[in-house]
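Protein chains: 4
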Amino acid sequence: MRKLNIALIGYGFMGRAHSNAWRQVRSFFDVPYEPVLKVICGRNEGELIKAANKFGWQEHSTSWEDLVGREDIDVVDICAPGDMHLPIALAAAASKKIIFCEKPLANTVAEAKQMLEAARANGCVHMLCHNYRRAPAVALARELLGAGRIGEIYHYRGTYLQDWLVDPDFPRVWRLEKARAGSGALGDLLSHSIDLARYLVGEITEVSGLLKTFILERPLPQSRTMAPVEVDDAALSLVKFESGAVGTIEATRFATGRKNYNRFEINGSRGSIVFNLERMNELELYVDEGPESGFRTIQVTGKGYPYMEGWWPRGHIIGYEHTFTHTVLDLLRAVAEGRLPTPNFEDGVRNQLVLDAVERAAESRSWQHVPQTI
Amino acid sequence: MRKLNIALIGYGFMGRAHSNAWRQVRSFFDVPYEPVLKVICGRNEGELIKAANKFGWQEHSTSWEDLVGREDIDVVDICAPGDMHLPIALAAAASKKIIFCEKPLANTVAEAKQMLEAARANGCVHMLCHNYRRAPAVALARELLGAGRIGEIYHYRGTYLQDWLVDPDFPRVWRLEKARAGSGALGDLLSHSIDLARYLVGEITEVSGLLKTFILERPLPQSRTMAPVEVDDAALSLVKFESGAVGTIEATRFATGRKNYNRFEINGSRGSIVFNLERMNELELYVDEGPESGFRTIQVTGKGYPYMEGWWPRGHIIGYEHTFTHTVLDLLRAVAEGRLPTPNFEDGVRNQLVLDAVERAAESRSWQHVPQTI
Amino acid sequence: MRKLNIALIGYGFMGRAHSNAWRQVRSFFDVPYEPVLKVICGRNEGELIKAANKFGWQEHSTSWEDLVGREDIDVVDICAPGDMHLPIALAAAASKKIIFCEKPLANTVAEAKQMLEAARANGCVHMLCHNYRRAPAVALARELLGAGRIGEIYHYRGTYLQDWLVDPDFPRVWRLEKARAGSGALGDLLSHSIDLARYLVGEITEVSGLLKTFILERPLPQSRTMAPVEVDDAALSLVKFESGAVGTIEATRFATGRKNYNRFEINGSRGSIVFNLERMNELELYVDEGPESGFRTIQVTGKGYPYMEGWWPRGHIIGYEHTFTHTVLDLLRAVAEGRLPTPNFEDGVRNQLVLDAVERAAESRSWQHVPQTI
Amino acid sequence: MRKLNIALIGYGFMGRAHSNAWRQVRSFFDVPYEPVLKVICGRNEGELIKAANKFGWQEHSTSWEDLVGREDIDVVDICAPGDMHLPIALAAAASKKIIFCEKPLANTVAEAKQMLEAARANGCVHMLCHNYRRAPAVALARELLGAGRIGEIYHYRGTYLQDWLVDPDFPRVWRLEKARAGSGALGDLLSHSIDLARYLVGEITEVSGLLKTFILERPLPQSRTMAPVEVDDAALSLVKFESGAVGTIEATRFATGRKNYNRFEINGSRGSIVFNLERMNELELYVDEGPESGFRTIQVTGKGYPYMEGWWPRGHIIGYEHTFTHTVLDLLRAVAEGRLPTPNFEDGVRNQLVLDAVERAAESRSWQHVPQTI
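Residue numbers (the working numbering), protein chains in the order written: chain A, 10 to 383; chain B, 10 to 383; chain C, 10 to 383; chain D, 10 to 383.
Treat the hints as calculated values from the structure; they're not laboratory data. Errors might be hidden in some of the hints.
Any copy will do: because identical chains look the same in the list, a pair fits if it lies in one copy or spans two.
Under the rule of at most 20 Å between Cα atoms (straight-line distance), these lysine to aspartate or glutamate pairs were calculated in the EDC-like manner [unchecked claim]:
1) 122 / 39
2) 12 / 212
3) 187 / 226
4) 221 / 251
5) 59 / 226
6) 268 / 301
7) 312 / 301
8) 249 / 339
9) 268 / 291
10) 221 / 176
11) 268 / 56
Whole structure, please, built from the sequences with the hints as guidance.
Shown next as structure tokens:
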């Protein structure tokens, strides 16, 4: 089997998840290429060496600039902070690499567009890692929607709730700085809900918005000095879809008790679908069947469900990181078949355009259109 | 025990629920007055006689004008359609009756204000029937919030979902006419969510809104002639509370599979609360308790919970209509204690002001302030 | 409409529930007779007068012996303690009354048989009040089973869990005395699970059993004197059905946190059904439908479900006491149609035979047959 | 880091799960040894080569006899069918290997005892793979029980429900032959419930039993010839624990809709605990807290829970196979610390003794003692 050499930039939370995906995919799926964990890249060499050893990478490097130009590298996998996505992607594009990038694609619409253009101009395969599309239950939802099982869509109701900022003593980390993080719950969480909305219901054309910062300053890390929180703690939006459907989309880091409550409910003319990431292996489905109708809980495990042929028998659940394994599987398959995978940088731009419209709507206190031509 | 003679205007769905409440309250609670089901009023005499007999009323009458002036009537209970609330309430106020009125108080802000002023000017006891405040689990939520169990409130998330209009062949009934119904999901359902929001979180000061009619015309009842649907099928809103909390509030008649899904979630600095009318006897509570933390399902049944001392032992649930029984109980108690019960016509006006702001926000495509001085 | 005069013996928990049923049934259903709450009977006259007034009875009496012979009484409703069922029923039978009796029918098989024989010999209509058969979700389960929706039955799994005896300081009340109560969880709770098993799956032919008393002595009420607990705290049984199905049936008063957890699960060749009294308005159903299969939660509310045409629209739940209202409705209908209602005293005898077999099995440490000929 | 060379015998479902555990453990945990996937063993060389490549084994072998004696092998991991456990374990013991064996330990008590004696006599480290003990929620349950959070235990209610045999056309595979499989649901599923019962509540001293085969003959694989089903489809048991607690334990392959419903509920004097493998990342806990009491759903994810420090942040779930990873982690740690891990072959013998007693109880139709001295 032909091999593909991977270079991974970033060794934090996402770096660990991507490493696992590249390492595991060939043991559970029939892959067209064998991914080789060639080199992992980061700034702190001590930590990097530990990570390389633990995650199974052959080499390590502290210079992404050197790395992306290496001839033996096929895939550049970008897990660096948001403000680094653009320069790395431009360099990788110039070197004609396959580019796989964590979400959100960039901190601004302008950056996102530059990345898309560079990838297109150089004929690169590009993919954006919105891993929740590859939760089998979400993929099943898409199949059911595609087959018209719940009819014409009327409502999308997306909430992504976490609670890790509720403690006022939680420090003012870089994720709460505008310059580095771009935004708060908006880019981190609402972007997921928007990606799922676009994947499942279609393009969003208009938005109303509300951004809220509940705690205005926090102590700097390991310090008593207070510093301002520059990003939103919560982002709320009403949306109109191209199709005529309407939606509420909400993300917050202040929903005490909600750890990773990425939930959506879709109501259509013939039925409804509900998903909640905290019960990732389940999909709720309602279809009208007279007196026997009810929301049913489908256990999306075992043969017959998207991606699940690779894992275990019915009733044996999979975990969070498997969604990344499915994502790299689809990237490998797209490369083999000469297709552009989805979501890709265009989806990243479109997602960013919605986020941007929500910000504008919140500031202007009025509905804003989302540009559809890019 | 002193008796209070009740006159009920309306014998439909709400008339039946109110009849039951008046009939049952003394068998389950220690009441300061014995309510007497004196006279029921409606237009169709044949149906009215049946209702009077079945629901246990002593007399019937087809003229509310005659009725509200009768000396032997103590309480006028208004269950007539929305456009009748104003004239009946004005007459009842002129006769110094205790006035008990189904929600929404009126079809417009102006009407609602007139009703409040008339009741005040005549020194009447007035109460608005927002029965869900009297679901024991909701009353418990209010107690927990009042005791600070979940700390400072950050988020309110209210959804009232039904699905009875999904069928395009469902006829264009009077509830879908602007002149008679005032509005659609907005006044019928969103008003409940707004009442609960005001009860539990406080006054709403600003709103963004979206009103949507999915099916624009329907056949007239028992006819093939199509007529326009003049009211909203769904009403969505982002809201800001006086306290600094933010919220999403949504109501629809197009959520297939949701029959009476009046749900709210409140996130505070120390915990969260969730209620869903479809499981009316339960309240979900989260409070931070380290590794043992989790959303718990409190069975709000048996001794120790609001109103439940009147009913059955732990684990024996109550039904929908009991919320009305609790409401009339509180009315009787307020009368006995010379207090104005809540919610009353002032709450009705404030609720209407929020609904009005949502409509204005939807039309103007911009955030609108909710007047706080009335 | 013809009237039926009711005499109720007992004014405690069950007396209150039966009073409500007789009072309410005509307001929600088309009844063939109007039940008249004629006279209520008990020993403590002071309490009795209060109950008569509160529950709406025309008269009260402290002598059941006088009462059951009165010519103006049509129905004798027995809510007295278990050891009083036999004498009252014999007297009522001798007077040719319609006899309605709370479960369990009697404290022993012999007593139960005497009651059945007396009722038969005098040509009385007799009914046993196993109210949970009239929970609409249970009645729906029966319909689904009858229609073969889940195929041939393999498993019945019944648990009736409460926790009111967990506190060791809870006093040694009469319910814990063998002579008065007959048994503990066995007759109080397991009898319900067995009635549901017989109703839904059929006759039980063999049982294995385990009876357990966890706390062997308790203080007498309002005393520090300890007295032995003479009945079982928990009753467990394996059962074989005539049909070939097998089951586990368990009841306990020591399941901390379970308040009224009367749950059953039935597995058949084509599907499964689950019911839990704590969510009485729901029924879970699984039927095989390929990848869309899942346990669905049917909201058994609104038109189209057993008994629910009498109450409220979809999504508006009913409460515990409504099951009694449905039971007296069925009694009235059976009387009008000249049918013997079910469950009746024969069911009471059969239920008692199973309980007796469980006791014998526990004592003998071996499987016991349940006599089928009575 | 010192390396440990692993030899795995078996490449089916369990072989795949064990391979993954050995491969993954070092990427997520700080391990005292680096496990090396040295050699995988099986009969069909073609399939074996594919498995070796896919799962990441360095070598393959078709002779377990050769393998277990190799000097470079440290750990013999037995995933072969039940009737092969004994000969492999005896040989591995003779070669002083660390022995890791899939459950159930053997097909009979006598075989299990032989294996234990051989491991002991040769001073081997031995471990039995009952992976569900290593579900973090189960380990948390054990911690809570150990800390007395739910007080003295009264009830254990274990059910392991699957449905893969419901189809009468499912073939008569080897798992339905007595000689090869030993038993049906009894050894396959009930053994899991019994292991959890022993782990969480303690030793079982007496049992009542019922074994049932619903479908008596089935077609041989790829054939129309019918052959008898020789093992139980369902195994039910009442049990008494040494501690005084009582239990129901049930396993079946005929619970339509239940895919991997390995659930237990434990009721104690101060609270209750519920676990269900289908929602493996959750634990339900009830502790008495007055009116705020309720069953809470703990999300056993993120820091602060057993094994979860190795994986992802709160709300990011793990999958079925991770329980094996935790099991081999504990084996490596025990080896490093010179301890005998649990469960080990002694647990295997005790488990087998309970299964044997259930069989004897079912046959004899009477309660049977479980020998406690081994």
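(request) Could you check the structure against the hints above and give me the numbers of any it violates, in ascending order? (result) 1, 2, 5, 8, 11
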